Amino acid sequence: MSDKPAISFGDIVRIDGYGQRLFRVETYEYIRYHSPEHTDDEWVYDLTALDSGEFMVATDCDLELVADAGQADEYLRANPVKPAVVGWRQIATTPKEPPKPTARELSAQEADKRRAQRKARADQVDNLLDRRSWYAKSEAVDKDERLAEIDAELRKLKEA
Numbered sequence: 001m002s003d004k005p006a007i008s009f010g011d012i013v014r015i016d017g018y019g020q021r022l023f024r025v026e027t028y029e030y031i032r033y034h035s036p037e038h039t040d041d042e043w044v045y046d047l048t049a050l051d052s053g054e055f056m057v058a059t060d061c062d063l064e065l066v067a068d069a070g071q072a073d074e075y076l077r078a079n080p081v082k083p084a085v086v087g088w089r090q091i092a093t094t095p096k097e098p099p100k101p102t103a104r105e106l107s108a109q110e111a112d113k114r115r116a117q118r119k120a121r122a123d124q125v126d127n128l129l130d131r132r133s134w135y136a137k138s139e140a141v142d143k144d145e146r147l148a149e150i151d152a153e154l155r156k157l158k159e160a
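According to this note's numbering, the sequence shown is numbered sequentially starting from 1.
Calculated directly from the structure, the hints in this document are not laboratory data. Be a bit skeptical, because a hint or two may be false.
[As the list claims (entries may be wrong)] Heads up, simulated DSS-like pairs for lysine-lysine below, C-alpha to C-alpha not over 30 Å straight-line:
(1) LYS158 x LYS143
(2) LYS137 x LYS158
(3) LYS119 x LYS143
(4) LYS113 x LYS100
(5) LYS113 x LYS158
(6) LYS100 x LYS119
(7) LYS156 x LYS143
(8) LYS119 x LYS137
(9) LYS113 x LYS137
(10) LYS113 x LYS156
(11) LYS158 x LYS119
(12) LYS156 x LYS119
(13) LYS82 x LYS100
Note that the coordinates shown come from a computational prediction; the quantities given were computed from them, not determined experimentally.
Taking the hints into account, I'd like the entire structure generated from these sequences.
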């Protein structure tokens with residue numbers, strides 16, 4: 001056995017016994033076993049299934065190289081991987097849609113919305129009262145008309 005692995009990081013491989021499923025090499029390690037009778041060497045690979053993200057461990061004798069790391073992206077573009085069906089559900093390769101808000105979250109959102117509306121209304125009333133105060137103190141020619149307009153807007157806000 002050589003000190004350099006035949007399969008390396010990022011390579012696309014198949015595992016004996018797993019059909020046509022493809023896996024990507026994440027890490028590997030070299031292990032040497034010693035016993036009084038003999039010594040054994042093996043490469044052990046940590047793999048990720050391209051169709052499901054499932055984690056696998058395999059030795060070099062169980063692997064078949066499909067595409068090396070330099071050709072992996074090109075190979076996958078030419079041979080797209082479909083999501084695996086595991087049990088009763090399909091493992092998605094795209095992000096899941098966000099979860100629907102709970103009743104408590106909806107209630108909190110509604111309360112925030114009402115609070116923002118009250119603040120906006122209070123700001124509007126403050127602005128109208130400031131304008132009314134300014135016109136009441138001013139010597140403007142159309143002072144009475146402006147005060148009447150502001151009073152009408154304040155009544156609308158009070159009724160709403």
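Quick rundown of the hints versus the structure:
1. Our distance criterion of 30 Å between C-alpha atoms is met by LYS158 and LYS143, whose separation comes to about 22 Å.
2. At roughly 24 Å between alpha-carbon atoms, LYS137 and LYS158 fall within 30 Å of each other, so this suggested pair holds.
3. Pair hint LYS119 plus LYS143 holds up; C-alpha atoms about 28 Å apart against a cutoff of 30 Å.
4. As the CA atoms of LYS113 and LYS100 are separated by approximately 18 Å, the hinted pair is consistent with the 30 Å bound.
5. Between the alpha carbons of LYS113 and LYS158 the distance comes to roughly 19 Å, so the proposed pair stays at or under 30 Å and holds.
6. A C-alpha spacing of about 28 Å is found between LYS100 and LYS119, which places the hinted pair at or below 30 Å, so the restraint holds.
7. With a C-alpha separation of about 20 Å, the suggested pairing of LYS156 with LYS143 holds against the 30 Å cut-off.
8. A hinted pair counts as satisfied when its Cα atoms are at most 30 Å apart, and LYS119 with LYS137 qualifies at roughly 27 Å.
9. Restraint check: the Cα-Cα separation between LYS113 and LYS137 comes to about 36 Å, which exceeds 30 Å; the hinted pair is violated.
10. A distance of roughly 21 Å separates the Cα atoms of LYS113 and LYS156; the hinted pair therefore holds under the 30 Å criterion.
11. For the hint pairing LYS158 with LYS119, the CA-to-CA distance comes to about 14 Å; that is within 30 Å, so the pair holds.
12. Pair hint LYS156 plus LYS119 holds up; C-alpha atoms about 17 Å apart against a cutoff of 30 Å.
13. Between LYS82 and LYS100 the alpha-carbon distance is near 27 Å, which keeps this suggested pair within the 30 Å criterion.
Hint 9 from the earlier list is the only one contradicted by this structure; the remaining hints agree with it.
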